[in-house]
Amino acid sequence: MGIANFFRRKSPWLLHFDSGGCNGCSIEVVAALTPRFDVERFGMLAKGSPRHADILVVTGPVTRQCLPRLKRIYEQMPEPKIVVAVGSCAITNGAFDGCYNVVGPLDKHLPVRAYVPGCPPRPEAIIHGLMAVLEELK
Amino acid sequence: MKASEVIQLLEGLIEEVKTVGNRRVFATASKERFREVLQRLREKEVRHVSTISGVDRGSHISVVYHFDCRPCLLNLRVDLPKDNPEIRTITDLFPGAEIYERDLMEMLGVKVSEHPDPRRFFLPDDWPEGVYPLRKEVKQP
Ligand code: SF4
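Going down the list, the protein sequences come from chains A and W.
Each residue of the first sequence is one higher than the last, beginning at 1 in the numbering used here.
Each residue of the second sequence is one higher than the last, beginning at 1001 in the numbering used here.
It is worth saying that the hints were derived from the structure and are not from the lab.
A quick note: this is a predicted structure, and the numbers were derived from the prediction, not measured.
Among the clues, some could well be false.
Some chain W residues close to chain A (C-beta under 8 Å, calculated; not the full set) [stated by the list, open to error]:
1) I1099
2) P1124
3) D1125
C-beta: ideal position from N, C-alpha, C; glycine also.
The task is simple: from the sequences and hints, build the whole structure.
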């Protein structure tokens, strides 16, 4: 484990991106950040800019309008970068499968390291997914 | 207005009237005369069109206007032929309908004439012209 990775594991910063879902998963991601579930105890902070982020948390199915923006955000993140798919929409298109503007699932377009299933998943599940990804960084 | 009062007000302009309870009225109007219905509603201080829904029924396109007549709801259906689905805008009477009409135009290809701002609203920027995703004949991927 390099020294950069050591510190990254102590404070991975998140960027949350909703690529077109119903907002259910987004609310659960926000709930995971609140003091009740508190991902901050693992050093994780939600950040507003992809340039500061280590982990990209994507919720919702990838829509045609969002795809170029999602890719651009991914490209703006510094290496090494990790993508976590949260919710059945991001994993399989879920309830939106077959819609006229859905071009997902997410792993067709970006390398996904962890999948958190559920519609929406509970905040504990999201935290578990993020922790599993951190284990990999070791 | 109660359901019976709404029906009384619109006497002669609406057909196929159906009421559910005393707070819900379903009715149809012809494309030529539906604006008279709207004018009468305006005179009675009905100010709120809750939404407009467009339905592709295969042979024709139905446009359903949902009005809040406090406490009654009026669902006014106007049927349009599929080969030339054109209707006048209602934004001069109900300005809030602007976005609903833009939605009708891009999703179902209904031509709303005299609309103040007929640009695209929801569809992706690179969506092809002339493909209306909520039409029955459009193939879903
Ligand atoms: S997985 Fe369920 S809750 Fe999450 S965005 Fe999709 S439909 Fe909404």
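Here's how the hints hold up against the structure:
1. Violation of the interface hint for I1099(W) is found here, the shortest Cβ-Cβ separation to chain A being roughly 17 Å, above the 8 Å cut-off.
2. Because the smallest distance between the Cβ of P1124(W) and any Cβ of chain A comes to about 4 Å, under 8 Å, the interface hint for this residue holds.
3. Here the hint on D1125(W) is kept, as its CB sits about 7 Å from the closest CB of chain A, short of 8 Å.
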